[in-house]
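Undergrad: Sequence:
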Amino acid sequence: MPWRGRKVHRRNRIRVENLSRLLSYILGHRPDEFGLVPDNEGFIGYKELLQAIHEEPGWGHVKLGDIREVLMGASRSLFDFDENRIRALERRWQIDAGSPERMPAILYLAVRKRAHAHVMGKGLASERNVVLSADPEFAMRIGKRRDPKPVLLEVQTATARQRNSSFAAFGALYLTKEIPAECISGPPVEEEPVPRKTEKPKEERVGRKEDFMPGSFLLDPLRDPAPHRGLKGKKGKSWKEETRKVRRRRSE
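Residue numbers for the sequence shown follow the numbering used here, so the first one is 691 and each next one is one higher.
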(Lines of atoms letter the chains of each structure in order from A and count residues from 1; the text may use other names and numbers.)
(Lines give C-alpha, C1' and ligand atoms only; values in the text may rest on other atoms or scores of the structure.)
Protein backbone atom coordinates (compact mmCIF):
# COMPACT_ATOMS: atom_id res chain seq x y z
CA MET A 1 0.00 0.00 0.00
CA PRO A 2 1.39 3.44 -0.92
CA TRP A 3 2.42 5.79 1.88
CA ARG A 4 -0.54 8.11 1.34
CA GLY A 5 -2.95 5.18 1.36
CA ARG A 6 -1.54 3.91 4.67
CA LYS A 7 -1.85 7.40 6.15
CA VAL A 8 -5.53 7.73 5.15
CA HIS A 9 -6.28 4.21 6.41
CA ARG A 10 -4.63 4.95 9.76
CA ARG A 11 -6.50 8.23 10.10
CA ASN A 12 -9.81 6.52 9.36
CA ARG A 13 -9.06 3.75 11.87
CA ILE A 14 -8.30 6.31 14.59
CA ARG A 15 -11.55 8.15 13.79
CA VAL A 16 -13.60 4.96 14.12
CA GLU A 17 -11.83 3.96 17.35
CA ASN A 18 -12.40 7.39 18.90
CA LEU A 19 -16.10 7.28 18.02
CA SER A 20 -16.33 3.76 19.43
CA ARG A 21 -14.87 4.93 22.75
CA LEU A 22 -17.29 7.87 22.85
CA LEU A 23 -20.27 5.58 22.19
CA SER A 24 -19.11 3.18 24.89
CA TYR A 25 -18.87 6.02 27.41
CA ILE A 26 -22.26 7.51 26.53
CA LEU A 27 -24.20 4.26 26.32
CA GLY A 28 -22.39 2.23 28.95
CA HIS A 29 -21.28 4.74 31.59
CA ARG A 30 -22.89 8.20 31.67
CA PRO A 31 -25.85 8.79 29.35
CA ASP A 32 -27.14 11.33 31.89
CA GLU A 33 -24.03 13.46 31.32
CA PHE A 34 -25.27 13.98 27.77
CA GLY A 35 -28.91 14.55 28.72
CA LEU A 36 -29.97 11.09 27.53
CA VAL A 37 -32.33 8.68 29.27
CA PRO A 38 -32.35 5.12 27.88
CA ASP A 39 -35.58 3.13 27.70
CA ASN A 40 -36.37 0.23 30.01
CA GLU A 41 -34.14 -2.06 27.95
CA GLY A 42 -31.21 0.34 27.90
CA PHE A 43 -31.65 1.44 24.28
CA ILE A 44 -31.28 4.97 22.93
CA GLY A 45 -32.57 6.03 19.52
CA TYR A 46 -30.03 7.03 16.90
CA LYS A 47 -31.66 10.44 16.42
CA GLU A 48 -31.38 11.36 20.11
CA LEU A 49 -27.87 9.97 20.28
CA LEU A 50 -26.69 12.01 17.30
CA GLN A 51 -28.26 15.18 18.71
CA ALA A 52 -26.28 14.74 21.94
CA ILE A 53 -23.04 13.92 20.10
CA HIS A 54 -23.35 16.98 17.86
CA GLU A 55 -23.49 19.21 20.93
CA GLU A 56 -20.00 18.11 21.93
CA PRO A 57 -17.13 20.24 20.60
CA GLY A 58 -15.37 18.56 17.69
CA TRP A 59 -18.09 15.95 17.12
CA GLY A 60 -20.53 17.88 14.95
CA HIS A 61 -19.46 15.94 11.83
CA VAL A 62 -20.66 12.53 13.05
CA LYS A 63 -23.43 10.94 10.98
CA LEU A 64 -25.43 7.75 11.25
CA GLY A 65 -23.13 6.19 8.67
CA ASP A 66 -20.18 6.74 11.00
CA ILE A 67 -21.97 4.88 13.82
CA ARG A 68 -22.78 2.03 11.46
CA GLU A 69 -19.12 1.89 10.49
CA VAL A 70 -18.27 1.37 14.16
CA LEU A 71 -20.86 -1.40 14.39
CA MET A 72 -19.31 -3.18 11.40
CA GLY A 73 -15.79 -3.06 12.85
CA ALA A 74 -13.89 -4.62 15.71
CA SER A 75 -16.11 -2.90 18.33
CA ARG A 76 -19.25 -4.63 17.08
CA SER A 77 -19.31 -7.00 20.06
CA LEU A 78 -19.60 -4.09 22.53
CA PHE A 79 -23.05 -3.05 21.35
CA ASP A 80 -26.50 -4.39 20.72
CA PHE A 81 -28.46 -2.59 18.05
CA ASP A 82 -31.24 -2.71 15.52
CA GLU A 83 -32.43 -0.41 12.76
CA ASN A 84 -33.54 2.44 15.03
CA ARG A 85 -31.68 2.17 18.35
CA ILE A 86 -28.51 1.07 20.09
CA ARG A 87 -27.33 0.09 23.57
CA ALA A 88 -24.12 -0.97 25.25
CA LEU A 89 -24.00 -4.61 26.26
CA GLU A 90 -22.06 -3.72 29.41
CA ARG A 91 -23.91 -0.96 31.27
CA ARG A 92 -22.63 0.54 34.52
CA TRP A 93 -25.47 2.94 35.17
CA GLN A 94 -28.89 2.45 36.71
CA ILE A 95 -31.99 4.53 37.36
CA ASP A 96 -32.76 4.87 41.07
CA ALA A 97 -36.44 3.97 41.18
CA GLY A 98 -36.78 5.11 44.79
CA SER A 99 -37.48 8.74 45.58
CA PRO A 100 -34.22 10.54 46.44
CA GLU A 101 -33.88 11.60 50.07
CA ARG A 102 -32.32 14.91 49.13
CA MET A 103 -33.30 16.93 46.14
CA PRO A 104 -32.59 20.46 44.95
CA ALA A 105 -35.28 22.92 45.98
CA ILE A 106 -35.70 23.94 42.33
CA LEU A 107 -35.36 21.86 39.20
CA TYR A 108 -35.51 23.15 35.66
CA LEU A 109 -36.97 21.94 32.43
CA ALA A 110 -37.35 23.58 29.02
CA VAL A 111 -40.59 23.04 27.13
CA ARG A 112 -41.62 23.81 23.60
CA LYS A 113 -42.88 27.33 23.11
CA ARG A 114 -46.24 26.13 21.84
CA ALA A 115 -46.67 23.98 24.99
CA HIS A 116 -45.87 26.84 27.37
CA ALA A 117 -49.48 27.93 27.99
CA HIS A 118 -50.73 24.36 28.43
CA VAL A 119 -48.02 23.45 30.94
CA MET A 120 -48.58 26.60 32.98
CA GLY A 121 -52.32 26.00 33.08
CA LYS A 122 -52.59 22.19 33.23
CA GLY A 123 -49.20 21.01 34.47
CA LEU A 124 -47.25 18.09 33.05
CA ALA A 125 -48.40 14.51 32.67
CA SER A 126 -46.56 12.08 30.42
CA GLU A 127 -46.20 8.37 29.87
CA ARG A 128 -42.53 8.96 29.18
CA ASN A 129 -40.09 10.38 31.67
CA VAL A 130 -40.01 14.15 32.03
CA VAL A 131 -36.33 15.05 32.31
CA LEU A 132 -35.30 17.78 34.78
CA SER A 133 -31.96 19.23 35.75
CA ALA A 134 -30.61 21.33 38.62
CA ASP A 135 -28.65 23.31 36.00
CA PRO A 136 -30.82 25.72 33.96
CA GLU A 137 -28.27 25.84 31.13
CA PHE A 138 -28.25 22.06 30.83
CA ALA A 139 -32.06 22.02 30.90
CA MET A 140 -32.05 24.48 27.99
CA ARG A 141 -29.56 22.30 26.13
CA ILE A 142 -31.95 19.35 26.37
CA GLY A 143 -34.96 21.50 25.46
CA LYS A 144 -33.32 22.85 22.31
CA ARG A 145 -33.34 19.37 20.86
CA ARG A 146 -37.11 19.73 20.40
CA ASP A 147 -37.48 23.47 19.96
CA PRO A 148 -34.80 25.98 18.91
CA LYS A 149 -36.28 28.53 21.35
CA PRO A 150 -37.73 26.60 24.30
CA VAL A 151 -39.19 28.20 27.41
CA LEU A 152 -37.33 27.59 30.69
CA LEU A 153 -39.57 26.66 33.65
CA GLU A 154 -38.87 26.11 37.34
CA VAL A 155 -40.30 23.27 39.41
CA GLN A 156 -40.72 23.64 43.16
CA THR A 157 -39.76 20.12 44.22
CA ALA A 158 -41.02 20.32 47.84
CA THR A 159 -44.47 21.45 46.73
CA ALA A 160 -44.51 18.83 43.99
CA ARG A 161 -43.76 16.05 46.48
CA GLN A 162 -46.55 17.30 48.73
CA ARG A 163 -48.84 16.94 45.70
CA ASN A 164 -47.76 13.29 45.37
CA SER A 165 -45.32 13.78 42.49
CA SER A 166 -42.58 11.17 42.59
CA PHE A 167 -39.05 11.67 41.33
CA ALA A 168 -36.29 9.27 40.34
CA ALA A 169 -32.60 10.13 40.28
CA PHE A 170 -30.57 9.28 37.20
CA GLY A 171 -27.05 10.55 37.63
CA ALA A 172 -27.20 14.33 37.29
CA LEU A 173 -30.81 14.20 36.06
CA TYR A 174 -34.18 13.78 37.74
CA LEU A 175 -37.12 12.00 36.20
CA THR A 176 -40.83 12.23 36.85
CA LYS A 177 -44.11 11.45 35.11
CA GLU A 178 -46.31 14.21 36.51
CA ILE A 179 -45.96 17.78 37.80
CA PRO A 180 -49.00 19.79 38.97
CA ALA A 181 -49.40 23.27 37.50
CA GLU A 182 -49.19 24.98 40.91
CA CYS A 183 -45.63 23.67 41.29
CA ILE A 184 -44.43 25.23 38.04
CA SER A 185 -43.34 28.82 37.57
CA GLY A 186 -41.92 30.65 34.62
CA PRO A 187 -42.26 33.66 32.34
CA PRO A 188 -45.76 34.93 31.55
CA VAL A 189 -47.48 33.33 28.63
CA GLU A 190 -47.33 35.48 25.53
CA GLU A 191 -50.75 36.10 24.07
CA GLU A 192 -50.89 35.36 20.40
CA PRO A 193 -51.86 38.49 18.45
CA VAL A 194 -55.32 38.33 16.93
CA PRO A 195 -55.07 38.90 13.20
CA ARG A 196 -56.82 42.11 12.16
CA LYS A 197 -59.45 41.90 9.47
CA THR A 198 -58.52 44.05 6.54
CA GLU A 199 -61.38 45.73 4.73
CA LYS A 200 -61.57 44.91 1.06
CA PRO A 201 -61.41 48.00 -1.16
CA LYS A 202 -64.77 48.97 -2.65
CA GLU A 203 -65.06 48.21 -6.32
CA GLU A 204 -65.05 51.27 -8.51
CA ARG A 205 -68.28 51.42 -10.46
CA VAL A 206 -67.54 54.53 -12.54
CA GLY A 207 -67.63 53.72 -16.23
CA ARG A 208 -68.43 50.10 -15.42
CA LYS A 209 -71.21 48.38 -17.27
CA GLU A 210 -73.79 46.71 -15.06
CA ASP A 211 -73.79 42.99 -15.04
CA PHE A 212 -76.80 41.38 -16.68
CA MET A 213 -78.16 37.88 -16.74
CA PRO A 214 -77.81 35.66 -19.81
CA GLY A 215 -80.84 36.11 -22.15
CA SER A 216 -81.50 39.73 -21.11
CA PHE A 217 -80.70 42.86 -23.13
CA LEU A 218 -79.87 46.48 -22.48
CA LEU A 219 -82.05 49.36 -23.69
CA ASP A 220 -80.34 52.11 -25.65
CA PRO A 221 -82.41 55.35 -25.62
CA LEU A 222 -80.58 56.61 -28.73
CA ARG A 223 -81.95 53.71 -30.73
CA ASP A 224 -85.56 54.00 -29.58
CA PRO A 225 -87.86 54.00 -32.68
CA ALA A 226 -90.41 56.24 -30.89
CA PRO A 227 -88.49 58.66 -28.73
CA HIS A 228 -91.59 60.86 -28.19
CA ARG A 229 -93.16 58.15 -26.02
CA GLY A 230 -91.30 59.23 -23.01
CA LEU A 231 -92.02 62.96 -23.38
CA LYS A 232 -94.54 64.65 -21.13
CA GLY A 233 -97.09 67.22 -22.37
CA LYS A 234 -99.45 67.38 -25.38
CA LYS A 235 -99.43 64.35 -27.60
CA GLY A 236 -98.65 64.80 -31.29
CA LYS A 237 -101.45 64.67 -33.94
CA SER A 238 -102.28 61.29 -35.35
CA TRP A 239 -102.47 60.51 -39.11
CA LYS A 240 -106.28 60.28 -38.95
CA GLU A 241 -106.61 63.90 -37.96
CA GLU A 242 -104.29 64.97 -40.75
CA THR A 243 -106.44 63.02 -43.28
CA ARG A 244 -109.64 64.71 -42.11
CA LYS A 245 -108.09 68.17 -42.56
CA VAL A 246 -107.13 67.35 -46.15
CA ARG A 247 -110.71 66.20 -46.96
CA ARG A 248 -112.24 69.36 -45.51
CA ARG A 249 -110.00 71.54 -47.65
CA ARG A 250 -111.07 69.68 -50.82
CA SER A 251 -114.76 69.97 -50.02
CA GLU A 252 -114.57 73.73 -49.52
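Just so you know, these hints were derived from the structure itself, not from any lab. Fair warning: there could be bad hints in the mix.
As the list claims (entries may be wrong) - Cut-off 27 Å, straight-line C-alpha distance, at most; resulting in silico cross-link-like pairs (DSS-like, lysine-lysine):
1) K753 - K737
2) K812 - K867
3) K834 - K737
4) K803 - K834
5) K867 - K834
Undergrad: Each of the hints needs a verdict: does it hold here or not?
TA: Quick rundown of the hints versus the structure:
no., hint, verdict
1, K753 - K737, "holds (10 Å)"
2, K812 - K867, "holds (14 Å)"
3, K834 - K737, "holds (14 Å)"
4, K803 - K834, "holds (11 Å)"
5, K867 - K834, "holds (20 Å)"
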